[in-house]
Amino acid sequence: MRLSVAAAISHGRVYRRFGLSPRSRLDLLRNLVTALVRHERIETPWARADEMRGYAERLIDYAKRGDKDERAMRLADFWLTEKDLIHKLFKVLAPRFQPHAGSYTRLLQIPNRDGLDRAKMAVIELKGNPLPPLVRPRRDSDKTLLNQLLKGYRQNAQRAA
Amino acid sequence: VLVLVQPVLPRLRALLQRCWGRLERSLWPDVFGGQSLSWGPALAVHGPALVPRGINEAGESSAEVPSLLESIVWMAAPKHRRTIEVNRCRRRNPSKLIEIKRNIDVCPECGNLKQKHVLCGYCYAKVKEETRLIRMEIHKREGGPFNAPTVETVVLYEGEKPTEKDEGKRIIERARKRPSWFVQN
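For the protein sequence lines, the chains are U and A, in the order given.
Quick note: the first sequence uses my numbering, first residue 127, plus one each step.
Quick note: the second sequence uses my numbering, first residue 3, plus one each step.
Just so you know, these hints were derived from the structure itself, not from any lab.
Model, not experiment: these values are computed from the prediction.
Ideal placement from N, C-alpha and C gives every residue a C-beta, glycine not left out.
Worth double-checking, as some hints may not be accurate.
Unchecked claim - Which stretches of chain U does chain A cover? Using the computed rule of at least three CB atoms under 8 Å from a CB of chain A, they are:
hint, segment
1, 141-149
2, 188-197
3, 206-212
4, 233-241
5, 254-264
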């Protein structure tokens, strides 16, 4: 029975490879998490944003435990390279996301980068940020058949009541 | 294998003797004047011996690769011309054509084209520019690096007052009218 997987097969591996080494990958993602916490909306290649999303949301989950928690403070100290952001994380982001159960970030794809590489780019933002919204929620027009029928039904119900 | 072959034809031998003599005189001038050296001119042939094919080829060095020997590398080459019909079948096979995209739509806000799963480029550029200006204001307010505030932020445009929901938030002023797509909540 084979107990180890051959090096060239990557079935089931979920972490992407970035940078020069695993440590370099973590440093890259750490910079991105710091930038996200500072600016609340960043534009980066889609693969990096997707990879970073999990780390950012887990960091916020730990921050929701409160800053007295030893584990949360050590994680925030590692992941945020700019130390004034630790205060922002525990005092601004944790209360903002306290009512939410998860999914504190929004990942949207944007047109490919303009340079020679035409890379697939994405913009990742924290929900509830003060910046202008990227996508306006559209409601169906009132003039569609279904909406008109529903309006008529509601009016009938009101008249009967 | 190096084989020394004395040519049988006298003319060939005479020619080679003269050539050899000239060569030796140029290479070893001090030896000139001595008798013709004991070893006569001869053909050095690489490989199995060749019968000299005639006087015309006497001067040529036979160091060129003789045909039909083991030292040649055989390479693949097309035997027949591919007709234009066969070429067309290969070039126009669906796997080689560019796929047509069916996920292009019109953005309902600005009317530009966009892919269904991607944000509209024009609208995103608009939002990006406004974000940049807001961040410039934030930078002016913070004054330097590493001054992230410990309170929320709210952006107010010309003529707007902070509501009771904006209690305790840092206010960033933008000196323009509120754009229609940035709804205040």
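Requested in this report: May I ask which of the numbered hints given earlier this structure violates, with the numbers listed in increasing order?
Outcome: Numbers 1, 2, in rising order.
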